[in-house]
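Residue numbers (our numbering), protein chains in the order written: chain U, 1 to 313; chain F, 314 to 902; chain E, 903 to 1227.
Derived from the structure by calculation, the hints contain no laboratory data.
A short, non-exhaustive set of chain U residues, derived as facing chain E with CB atoms under 8 angstroms:
hint	residue
1	Val136
2	Phe144
3	Gly251
4	Thr269
5	Asp307
Just so you have them, the derived chain U footprint on chain F, three or more residues with Cβ under 8 angstroms:
hint	region
6	395-402
7	575-583
8	595-608
9	618-627
On a predicted model such as this, the values are computed, not experimentally measured, just so you know.
Here a beta-carbon is modelled for each residue, glycine too, at the ideal position from N, C-alpha and C.
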Amino acid sequence: MRRYALRRLAFFVPVLIITSMVTFLAVNIVPGDPAVIVMGLEADRDALERFREANGLNDPLWKRYAEWGAGMLTGDPGRSLFGGNIQAELKARFPVTALLMAFSFGFTVLFGVLFGLLSAVFQDRPADYFVRTFSVFGQSVPDFYTLTLLLIIPSILWRYSPPFGWVPFWDDPLRAAQQVIPPTLILSIGAASILMRVTRSAMLEVLRQDYIRTARAKGLRERVVLQRHAIKNAVIPVLTVSGTLIAALLGGSVILEQITALPGLGVYTFQAVLQRDLTVVMTMTMYAAVVVLTTNLLVDLLYGFVDPRIRYQ
Amino acid sequence: MSEHNYWTRPQRVSRRSLLRGAGVGVAGLAGAALIGCGGDDDEPDTGDGGTTATAGPGGGSATATGSPAAGAVKTGGIYRDSTITVAPHFSPFHPGADPSYVNTFRRFGYYDPLWEVRQTADPERLIKLSLAESVEFGDDTTVVVKMHEAHFHDQPASNSNSKVNARMLTAEDVVARIEYLKTDHEASSNPFITDQVTATAVDDLTVQFTMPAPFAFFYENDGLGNNSAGGRNYELPQEMLDETTLREDIPIGTGPYMYKSHQLGSREEVVKNPNYWRPDVPYLDGRTLTFIADSAAEEAAFRAGQVEDIDFSDLRQRDSVVGDLGDEVRALEYPSTSGMALIANVRRPPWNDERVRRALHRSINFERINNVVYFGSATPAWYFSEARPERFPLGREPVMDLVGYNPAEAKALLDAAKSAGAYDDREIALMLPVEAQTWVDSGALIAEDMQDVGFNVRTFTEVRNVYLQLAGPKDLEDMTKPSDFDLTMSVFLDYVYQKADSGSFWNNASLEDQEIEALVTQIEGTLDATERAELSNQFETLLAEKASNFVPILSGTLYHGYQSYVQGVDHELSQSGKGGAQLEYWLDV
Amino acid sequence: MTALEAPGLERQAERARRRVVLPFRRAGAFAYRYPLGALGASIIVVFMVLALFAPILAPYDARRSIALPLLAPSTDHLLGTDANGRDVLSRVLVGSQISLAVGFSVVLINVTLSTLLGLMAGYYQGVTDYIIQRSGEIWSAFPGLIALLLIVSILGAPATEGGNLLTIAWDMRNLIFAFSLGAVFGGSRLVRGVTLSLKNQDYVLAARSLGATGPHIVRRHLLPNVMPYVIVSATAGLGVVILAEAALSFLGLGVAPGTPSWGQDLSGRNRQFFDEALWVALAPGTAITLTVLGFNLFGDALRDMLDPRMRGSGRRRIRSDVADG
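So that you can see chain U by itself, here it is in the shape it has in the complex:
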């Protein structure tokens, strides 16, 4: 298993190289001229040309790629075309997104697995129907709309809105809690609904297996049957889906950050794509790629951990 993990880790390198090349190409195919955006509408042609020259936009692609790659390797992603220091932005924004992800993924797993189990155990009983109905609705409402309602309804009814403007978490945890918890709850509804369905599906399948019947037949209490035999065996699909949900939540956090004005990495990247801020898009793609790759690896390793029948080759 260690060899497997190491081999996978070694594979990160080519994946990241290919990913960065593809992104680099894609970003450069995207129409739009960063020079005009940075310099403004009044800029004359000399100014635009000077900007392109100064920022290497006229260099051949391979050269720009090499320069950027060298920068990344030395740990300095460089500067945004707009003059911001990417490292500083990352430092300021990472805690926000990390907190959002921790809460939304936490809520997702908590509610998804909990209600999924409930629903499977109480199949075709009121609790099951209730949970399933909720999950169906939870999956079918666009989160940008519910997030809007989350802000606007309390402001009309009670003249309340969560505080806007981020301050570092430990400066004012209460403020951060108000900012983060309600929207992440909303955001996690969709993902939790998916996880709940998968959990339910996996559990139902396991509950119909012979060894469960055997366990019940030999008189084990239902709780023991569930805990010792059923849940463990239902984990694999749940694990897989949880891994992919992280990516979905990352996408959702862009919308969340956009609406609730939290300064995370999501809006930063989104704005960079819109503004053709090449360096930022590249850098963020690479960081996101590392996160995704690591998550995938962890999920795969966890497979073997929870299910010894899976062998790594």
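Since the structure of chain U is provided, determine the placement of chains F and E on it from the hints.
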């Protein structure tokens, strides 16, 4: 009135030079700033002076706050602003294509300009002096500016602090700033400054500007207005005149507020500058600025009392909020300077044909766009909007018989052009920037109108940067190559953009007509306001006669709201952007 | 498996008869056993019919502004008008075409490809697995939304002049491509994970030791066991696609503005007026919710039905003789 009275007219402005005017330069997507002109030494105080704020009834406000009686002012408190655009850096000179309120906030917090230009027809109030104590016009080509004694912030957070060391602002700093703007084209490139103006230091506090020829728009071209994208006469220490420092170091200026903290992409705090050169202001202890991109979220913040003011996105939003909150909020409305217009690419057929252009003018049903998209709150305008009184707008009425809505005639014109082979019924693409919702919605209606008279037109949207690229000059070396668009939208522009080669993004707005260009040159060199008014109206009429490829449609209304405990708001100042230079706000709580 | 003996004529006739009658009987049995699933299926059918006949059913031109904005529902405009003075009912009807065309295309592509790839990767492992997994890994390393934004930025926001579902799906190919690309590898990982855990099960080992070939094991033993997961994720996927289209519209990068689509109608200026003109957002919102609800209910029932380890006799009856061959 004290010597430092903010509102007192400069005593040394000579009558002879009655400053003659100026005009707007910027036509950024967000709108434009105003110009100013000089005063008159027979009238030392225009009556709006006073140590407290005035609430002059500028710009057609709906509801008004009264002028606070002297002594009623409460000091202290934090004013909480919000904005929908985030500023990527601190530089006041690198605006980018996003004229950003954040930058306005920063500029007016950290820096003082020499003067500000405003939009008003009142010649006494066109220019508001700030750091400049007086402006003297030697002759038609020189301007001498004497400044107040002002010291730079003692800002420990800035890397440049030890170099600047809270010293006094001198004429050398102003000269260095002009030189910087001339050499660093990336900073608010402006052909006028780069090519024409020379600044020299006369003594520590006196600067002389020299131009090669009389130029009516000197003030705005050096200063630009309160909310323009390219504020250029913000004074800062010459030690900081370096692109990286400007963008990334904590700013140091002479302004009323000092940097306190910021959270990237989210929030910025400033505190009162204890050594501000005007001892009476600001009344507030500080201000915060929060970035809230979403207008529904901003409305929630305003309703919950988390921010002191809001720019409503339209009339309906204002009615809804004001209807719910009643007396707890005040609402203001101003005519917008920016407006909405079409630009047809005159270098592409069929727009080189005058009949087709006139058919375009005649096909657009202004009333329908107004009712559907603007809830009836917009006004018709021709080339300049009423909010730009110093531009002497003619209004749409006098040119209605040349370009007014008349689908029957539009159809006839278009048919004539088609049978003459001037329009081969090719599909015309109307390009819209996806971020500007009202433009996108209006664009759809315009396309319908155009289809009704026989144009083959479709709309498509692009994100802003692609839009900018497509609408901009196709080839920087060869400006005669046509740009990559047929028809697109624009804000109202200025005289200069009717020149064939304004050398900028808006190059395509020009009809490339010799007669019009000659008139623009004449306007720029005409210092006398009355004469310029005559020429300006002539200019507008000429555009209608020639069915210009620049098609003004309407100019909207801006709706602004603030909590009723905010006192001392000067309408005329807030008109040019909340968070502008006015310092006499106070909080009655 | 050895080749089947040629069946007798009567048996052939019987089979032909069953082929005609069975679908109805199966549908009846399905509705009887899974009333919620039947409800879901009816919702889907209703929206499919609406989408097919939307151009005829829509009372007004959904693309044109034909009245004042934000008119309340009335006899002229059953669901009122939106912020641009367009008929909301017409837009919801015509919008169903885009949502369904995009949703179905993506799910179809996704299910087919991800099942195929996942089974191959999970069963054969080795080089096949390596290639598929690594390609998937490279692709999935792209953060989904950035990839989506980049693709839409490169290919452009799709517009359509309407027509039937096929032409609309073709017009929407940029979006469909972008969504499918993101979903396929995720789906194949799921299938692979399940396959991995199944292939060491006794019945698979038994089949293999009896000399069953790879394709046979995959088709007969793995596919049916993998299907429940695929179906569950595909039905959820349909909702996800419809919602993703809406989210892209919210970010300004979905279908071209003005194009009637549920996502488009729920964002933009329409989103601002929910307290004074609720109907504007309620109509497309309800349409989205109902459709996704339909697919989810139907998918749940299908899952129960297709699950090979489902207890009870219903399954045998419905699945009939297909498995006996």
